[in-house]
Amino acid sequence: MQDTNRLRPFFENIAFDRDDNEVILNFGPQHPSAHGQLRLMLHLQQEQIVKAHPDVGYLHRGMEKMAENMIYNEFLPTTDRMDYIASSSNNYGFALAVEKLLDLEVPRRAKVIRMMLLETNRLMSHLFWLATTALDIGAMTVFLYAFREREYLMDLIEDYCGARLTHAAIRIGGVPLDLQDTFIADLKKFLEKLPANIKDYEDLLDTNRIWLMRMENVGVISTDMALSWGCTGPMLRASGVEWDIRKEEPYELYDEVDFDIPVSDKGDNYARYKVYMEEMRQSARILDQLIPMYYETTPELMAHAPKYISGSKLDIMTQNYSLMQHFVLVTQGMRPPVGEVYVATESPKGELGFYINSQGGPYPYKLKLRAPSFWHTGILTDLLPGHYIPDVVSIIGTTNIVFGEVDR
Amino acid sequence: MSIEEFKDRNVGVSNYYQVDIEDYPTQPWDKFKRVVKRTFRLELFVGLWVVMREMIKFDIHTVSYPAEKLPIGPRYRAIHKLLRLWESGYERCIGCGLCEKICISNCIRMETKIDEKSRKEVTEYSINLGRCIFCGYCAEVCPELAIVHGGRYENASDQRAHFVIKDDMLTPMDELLTKQQQEFPGFGAVIPGSDKSVKKTPLAY
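Chains as they are written, first to last, in my numbering: chain W, 1 to 408; chain E, 1 to 205.
Just chain W, same shape as in the assembly:
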């Protein structure tokens, strides 16, 4: 059965000169608050939305197909371009999937560094979310402040891996580099300031009457709706479902650090905002615990698996066999065993899953990306009808969709 709220396919053939009062409004793809390349076809009765149809694909690059023509290592920087706000979490999801396929054990220092990168990425993503949403709603000050804090984190990552946005900072089997000398000190400095900063944002927003009017009871996603539309991450948790992959199926060192997951059963924009703010605090808490863990580790950074992973640069430059294997692995690529694997990680936006089907060749036979934002775009079909045009902007803001990830 087709939902009454949903348009049928081939909506391009809609007659635009109908007798009723419906107006069809194209929202995006160049609208500044459309978060990239979202095109929404909105059917309006006066200002109220009757039907909404999100149209995606303006940023489609065919990543799944690209992966079938690349060796595994080559595909890793491509994953940067999915959720480009938090690119290390995509790198990580892919690397973890391949590691599961290869059955590799990653050295502990690499794990700690990866955790640090993942959580700084979560902070970066949430700060970016807060900034853009606040800007969409009109709170320009918060936008500037949140971008300032995000800049510190970007500088931190820039010093670590050399890039600000597309990090490619995680490798299959470990991490490419050790932390630079200043990383821990800079991180500590940032973590000292962060609680005060988050409090500033909350001072500016939490009780602000405009913010509350745009957020409270707007875009209410009921629990059943969230579950049936495949929402994950903060979208799901703000709708009252206690589900975080970091807790339910811990990967990396998430079972060793102590952190809590905020949940709300309100389901509206405001609940999502609160969940995001709390998650920032929890991320800072995780980072705090990771700093002493880093010092307890030994300096290995890459898994030792000569069949799949090149040796360290020192080995390559001093050991003949290591050099030969390096040439094989770069020119031909690693050949994972035949098998398939699906690995889900909790990216800042939700469940980021990589399905890899390997037929034993150097290229994946099939790679499927499960990006959370795609599903969060879909829910707009059901969520927007009944709301008014200004609500569209705040709802798109709080769904936190990033179009690199939706269109892939």
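Calculated from the structure, these hints are not laboratory results. All clues given are correct.
A few chain W residues that face chain E, going by a derived Cβ cut-off under 8 Å, partial list only:
no. : residue
1   : LYS247
2   : SER264
3   : SER312
4   : THR318
Label-pair restraints from in silico Cβ distances:
no. : chain 1 : residue 1 : chain 2 : residue 2 : range
5   : E       : GLU121    : W       : PRO292    : 50 to 58 Å
6   : E       : ARG38     : W       : GLN46     : 24 to 32 Å
7   : E       : LYS31     : W       : GLN289    : 41 to 49 Å
8   : W       : PRO195    : E       : ARG41     : 20 to 28 Å
9   : W       : GLU248    : E       : ARG38     : 33 to 41 Å
10  : E       : LYS31     : W       : GLU192    : 35 to 43 Å
11  : W       : GLU192    : E       : VAL190    : 27 to 35 Å
12  : W       : GLN46     : E       : LYS31     : 18 to 26 Å
13  : E       : SER197    : W       : LEU191    : 29 to 37 Å
14  : E       : ASP23     : W       : GLU105    : 44 to 52 Å
15  : E       : GLU121    : W       : GLY361    : 31 to 39 Å
16  : W       : GLY62     : E       : ARG41     : 49 to 57 Å
17  : W       : PRO195    : E       : PHE58     : 17 to 25 Å
18  : W       : LEU144    : E       : GLU121    : 49 to 57 Å
Result set (DSS-like, lysine-lysine): computed pairs, CA atoms no more than 25 Å apart in a straight line:
no. : chain 1 : residue 1 : chain 2 : residue 2
19  : E       : LYS69     : W       : LYS189
20  : E       : LYS113    : E       : LYS101
21  : W       : LYS65     : E       : LYS101
Treat the numbers as computed from the prediction; the structure is a model and nothing was measured. For each residue, glycine too, the CB sits at the ideal point set by N, CA and C.
Starting from the known structure of chain W, fit chain E onto it as the hints suggest.
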């Protein structure tokens, strides 16, 4: 799946907590009370105070860009460089072609020939900066630490395909002689201090 089934799932963690949100009023009288309360609340002044406090801190981050530039970290991945050997001054690049192979955007091209001493010589080496995504893989795979990233990031051009060729990237001899050439600590670098752990016996390859 309904939420009741979901909550019944067999997991041992209970680290979830409700965020602190007041219940929204449903009765008209409660709504009215909230309107009155919000009307006379002074939260806008809190916002003004936060901004005011930031302003009087004079913690100004503005950089007048073309005149002054922010320092770039040593690991920054910008326009490539080709390094020379410290002792002899020869090019480090041996023309193995690994960077050309791994390059995801296929922007590295090189031509090699066998010279009269029957050594491989790199005659041409170019990088199309219009295609390069600066992922750092060329530096990472290079077995000779020859191609590295540099800190030059201002590569605006009037052409879409802007190339750097070997002469642009290779360290000039005078720079080498005055020891200005710098090793790249970013992707593909040897872990500092690892020269002490050089093993003489082959590994498990």
